[in-house]
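Protein sequences appear in the order of chains A and B.
Numbers 1 to 263, taken from this note's numbering, label the letters of the first sequence in order.
Numbers 1001 to 1303, taken from this note's numbering, label the letters of the second sequence in order.
Derived from the structure by calculation, the hints contain no laboratory data.
There's no promise every hint is true.
[What the hints assert, rightly or not] In silico lysine-lysine, DSSO-like type, Cα no more than 30 Å apart, as pairs: (1) A:Lys52 to A:Lys77; (2) A:Lys52 to A:Lys34; (3) A:Lys131 to A:Lys56; (4) A:Lys41 to A:Lys52; (5) B:Lys1007 to A:Lys173; (6) B:Lys1132 to A:Lys178; (7) A:Lys173 to B:Lys1132; (8) A:Lys77 to A:Lys131; (9) A:Lys77 to A:Lys56.
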Amino acid sequence: MRNIRSKLDWLLMPLVGFMIAVAVWEFVSVALCKELPSPAKTWSESRDYVLKPFEKRGEMDQGILRFTWYSLILVAKGYAIALAVGTPLGFMLGLSKTFTKIFDPIIQVLRPVSPLAWLPLGLVLFVGAGKQASELGALFTIAVCAMWPTVLNTAVGVRAIPQDYLNVARVLKLSRSKTFVKVLIPATLPYMFTGFRLSLGIAWLVIVAAEMLTGRPGVGGFLWQEYNALNYARIILCILTIGFVGFALDRLMGCAERCFKTA
Amino acid sequence: MSLLELKSVSKGFGPPGARAEVLRGINLSIEEGEFVAIVGYSGAGKTTLISLIAGLILPDTGTVSLRGVEIVGPGPDRGIVFQNYSLLPWLTVFENVSLAVEQCFPDWTPEQRLEQAERYIRMVHLESAALKRPSELSGGMRQRVSVARALAMEPEILLLDEPFGALDALTRATLQDELARICQDTQTTVVLITNDPDEGIYLADRIVPLSASPSATFGPSVEIDLPRPRDRKGLNHLTRFKEIRRELTDYLVASSRSKRLEVRRTLVLPDIEPEDLSIPRSAIAGRTRPIRRSEIKRETVEI
Ligand SMILES: Nc1ncnc2c1ncn2[C@@H]1O[C@H](COP(=O)(O)OP(=O)(O)OP(=O)(O)O)[C@@H](O)[C@H]1O
Ligand SMILES: [Mg+2]
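So here's chain B without its partners, still in its complex pose (with noise of 0.2 Å):
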């Protein structure tokens, strides 16, 4: 059995009448230890789906499940990083990560509970910074702590969206490299939303490209059979990684571009002559209004 199932779930919001459906027909199945990243327009409804892998919004239609069980309510047994980190702003990088620690494992004893704390700052790097608020950090900072706050709670599975969606490229990179680190040392599973397919390439198992709005749907899923570690800079010259990245592209392309609405119409453009109005009109040849352009059968046009 696979750890999370997506049944054909749907997801539209709105009113009745004027309801826009965002997903359709989602079917996923992610089994233990895997690492599946999913690709897809702003917009497309990235957000949504991680939303409802978390049960924080429940599905339309079709069931969401982790291990067999529906998922009817969020949990801590899914850590989510929120796209835009969702650290409480009031509590120190400390305070965060062991407010879930607290909320996760409360049999431990105070100590054991420091310890798990710790480690998983430690994890990030942000031992330093352990003491100051989100305020005082930088946005990489921030996103650190946002996944070390979701390990820290130990989950069954992590969910990851557009992690370093608003970082610069240098930073992103270091992250991903420390992502990548992460996830082999804990063998944790990952959902990773991503817009960028390379990212999604460089970090994951398996990767599935969601077409664009409205009516999300999930294209056809690509392994990435590619040798780990994986080397950033060697990835771009193999011809495995330029056929994954191409397939995947053509197939968010053309799902965009069938989505695109077409808009035809006959344009009645004015049909308009400058005359010479110091010409008295009934001097030339009986002419009592200029031509229009459209009632000249010949023109010719001097070279």
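So that you can see chain A by itself, here it is in the shape it has in the complex (with noise of 0.2 Å):
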């Protein structure tokens, strides 16, 4: 009886804790903020969303899991960016006591700045490109957003790697450029995954702010025409999906991650 209940533990403690959490918010619409949808409300304005999640009925008014899928194209365009900019950046940090010298402040200086703050600057660096404006500047702002910890960890990886790799490369003569592919990116692989991951993890916060500023089509725009809207229970409904899709976005670069610690 115990070994089959420590065996569901995994999946009946967490079942547990949503419970607890819906028992709450139940809680809290009736008794303390009328405004807040109840659980059994949400469910039932939000059915058409979840039970049809790719139909397409209007520009603002599609299923859940297409808005996902805009978002999430999006995000993949910002992350891609934000990836090719930031290891090769991390690598002249890590490589370079100069480079780093020289560009580390700016860095630390710009890596606290809100999504929020870079988006307007993103919307006029590309007010040239007309009706892209809005597109490109979402991307600019998950990119410069999403990068620091990718930039940063790589160089922490370089300047990990061990000198007796090193050593190695110079007994056997490696080039510059075989000592790259061999030696520095397999020894600071698993410090750019990690790196990665929490790049991954602030792209998915930023893509909603920037749809909601934007109003472009994906989860955040659709939560905030809801908003708009007086629809509050589909914003609980594009809550839950943020989180969600965060959670399984993380969980996967966690295994990636994993695959190449072992290596």
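Assemble the dimeric complex from its two separately framed chains, guided by the hints.
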């Protein structure tokens, strides 16, 4: 009996947690804040969006997974830019002390800037692009905000490479490019993946803000629209979706990270 | 001309002012095909010495030269087995060895390189582990891969930095035998760093003691004129073995004793005597304070 219970713990315990959360939610909606939709009301109002997740009824009236899909595509693009810029930058920071001395202060200053502050700048930067401006602005914001964990972790990883590996490269007279491919990259990979994972988390955080401000179709855009339309139940639907997708992305990257850690 | 020549080499670390000299006045010449062992205490500067020969670091004064050409950097003509194996953990055993082969013999055909890598993996008996990664191997196996990698480069000189230091006694003995066999077969020049005089005597043609830190330097080197192949068990009973061993340990112990810091100071011990406070002081013959031990002129001890 005890054995079976401990085997099911991984499922039961989180379920208990969810139930408590729903109970608190119910209690708050009934007793404290009448404006907050109860769990039952949330379900009945967002049923259409959940049960027909890919339906497109209008620009801002689509199934929740369709919205999620739009958001994911935008995140993927911005994230790709962040990695493409951040990884080389991290390598340069890790390899060159001079480079670090010159650019580290700037990075430290830019790193804590909120996505909400970057977005208007992004829109201004791409104002010439016309209709594309909002997409490019959003991409810019995601890339700038999501880049830093990759940059910093890669730099730390490069600095942490044991001198022994570099000595091996020196004794074997590996050329610069070969040292890079055969020693530096594999040795840094675990750190890089930690950075990639944190970056993805941030990219997903930023997308919602970016969509809210630009009004693009996506989970964040939908959330903002429903707020303006006073459909509070669907805001909760959006929040839950964002949470679950973020969780799934993190888990996915966690798996990838583990693959490279053991290597 | 000797193969390897170190002339009045010294090396220190640290910023100017707070500089710590590790090696001083190192002179050594090694002939082709010779097996030289260097014994010394931990921290004496053995790794520093082998890094100098490998060219990973450069001497502060003096020169290290190979066949009369001064060494200014590392190169595949000096195969080195690092103290901590230093295999690349993301490559398999085979890839680790063949990376070295690839680098040293760029003109060879792929088949020749494959053959070379396999030959040396066979030589250290690791055929069955060729496709494993270093993390899946035992310490002794890793050490053998490291030896195979160094040998596969067909270096002029093989540098071994405490290759068996981290291994248990049984594995160590096996690997020593293996190394003795390989060296006999390949006739490579070897510099073996060790902290175990017995290991040095068992394997080497000549053994050089390195005095204790700081400013370590070489003591008189000892030729090991014991016949080969040597028998590990029989060795212990040979008078010559005992002589060599005594000579080495005497030098090493003396060097560490002369280097040991001596501190002399006079300790001032507290001069306190217990006193029975229940007896009023004035009551005892006008005494107002207890008598200190240092004030006692005569002390009688009852037996
Ligand atoms: N890169 C370095 N910077 C500063 N000091 C160093 C450096 N390398 C070695 N030393 C110092 O030189 C001395 C000798 O070090 P070394 O590694 O050569 O000793 P060792 O004889 O190989 O010891 P062990 O038997 O424990 O391996 C030590 O006191 C160490 O602190
Ligand atoms: Mg050492």
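Each hint tested on the structure:
{"no.": "1", "hint": "A:Lys52 to A:Lys77", "verdict": "holds, 26 Å"}
{"no.": "2", "hint": "A:Lys52 to A:Lys34", "verdict": "holds, 29 Å"}
{"no.": "3", "hint": "A:Lys131 to A:Lys56", "verdict": "holds, 22 Å"}
{"no.": "4", "hint": "A:Lys41 to A:Lys52", "verdict": "holds, 18 Å"}
{"no.": "5", "hint": "B:Lys1007 to A:Lys173", "verdict": "holds, 26 Å"}
{"no.": "6", "hint": "B:Lys1132 to A:Lys178", "verdict": "holds, 22 Å"}
{"no.": "7", "hint": "A:Lys173 to B:Lys1132", "verdict": "holds, 25 Å"}
{"no.": "8", "hint": "A:Lys77 to A:Lys131", "verdict": "holds, 18 Å"}
{"no.": "9", "hint": "A:Lys77 to A:Lys56", "verdict": "holds, 23 Å"}
Hint compliance for this structure: every hint is met.
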